[in-house]
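Trainee: Letter by letter, the chains look like this.
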Amino acid sequence: MIMRFLHKFSSPPYFYSISGRLLPWLTALFLALLAYGLYGGLVTAPADYQQGDSFRIIYVHVPAAWMSMFIYVVMAVSGAIGLIWRIKLAEIVSISSAPIGASFTLLALITGSLWGKPMWGTWWVWDARLTSELILLFLYLGVIGLYNAIEDSRTASRAVAILALVGVVNIPIIHYSVEWWNSLHQGPTVTKFAKPSIHIDMLIPLLVMAVAFKVYYVIALLLRSRNELVQREQGSRWLDEILENK
Amino acid sequence: MSDFLHMGGYAFYVWTSYGIAFVVMLIGIIKPLLVHKQQLRGLKLKRQRGQR
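Residue numbers (the working numbering), protein chains in the order written: chain A, 805 to 1050; chain B, 7 to 58.
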């Protein structure tokens, strides 16, 4: 059942039409989650007893950092699927994820810097967490650069998938960096196995924002994938039919 | 309200973070939308030329 659905979903014309119908709903869901998360994070959550109101940067910083790693894994896994089974849509999802992941990585770095300055007294330190996140940004940029450097998009997808897969080693390094090395960066507050060390009124908006960012990723991914699909499929019958009806 | 904007003295850091996030995420939506429009326009022109 699921395989049949996936097979159908991965056919270009079906993907194009269903994604077009999904987008308005996803946008509404995203805006609702965002409004709730922002209100909870900026208004109802109490100020931190150590960091005051500066901790509110957490509501963009942490979801952005989570997304930067999550999207990388999606990019690498779909790249591998494209590599093994030659599924066109998997290649498209993989390469379309790269710029979105790069922008979340950039956001994690910038908001982290803006948080670090008032709390640590410095914009940047070359410690393990910050450096490995910066390497993640370079991996994304490498993927985008490599893809654009190769003319044939299917060859490019294969090359990029290999690069993305090699770079996956960086993901656990980022996650465990605050435990393996001494760092200015605070340890995990949410993803510990014990009880999270964060107040529930602070935690709920954070989780809502994390879900909102995930929905945003799906929206941006669908938009970019459609473009990549149109780029690759120009001249095909199904695309001509869509153009005729416009 | 002014207390809210003041953010306990961290207004610059907090609002710059949110501002940059807003701009980056907005561009991430608008850019692909514009590209899509361009693509469809380009393909339509190509077709019309082909039919003549």
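A portion of the hints provided could be inaccurate.
Listed next, the in silico SDA-like pairs over lysine to any residue satisfying Cα-Cα at most 25 Å (straight line) [unchecked claim]:
| id | chain 1 | residue 1 | chain 2 | residue 2 |
| --- | --- | --- | --- | --- |
| 1 | B | Lys43 | A | Glu1037 |
| 2 | A | Lys812 | A | His979 |
| 3 | B | Lys37 | A | Leu910 |
| 4 | A | Lys921 | B | Lys50 |
| 5 | B | Lys43 | A | Lys921 |
| 6 | B | Lys37 | A | Lys921 |
| 7 | B | Lys52 | A | Leu1047 |
| 8 | B | Lys50 | A | Gly1039 |
No lab work stands behind these hints, which were simulated from the structure alone.
Trainee: Of the hints stated earlier, which fail here?
Mentor: Violated hints: 2, 4, 5 and 6; rest satisfied.
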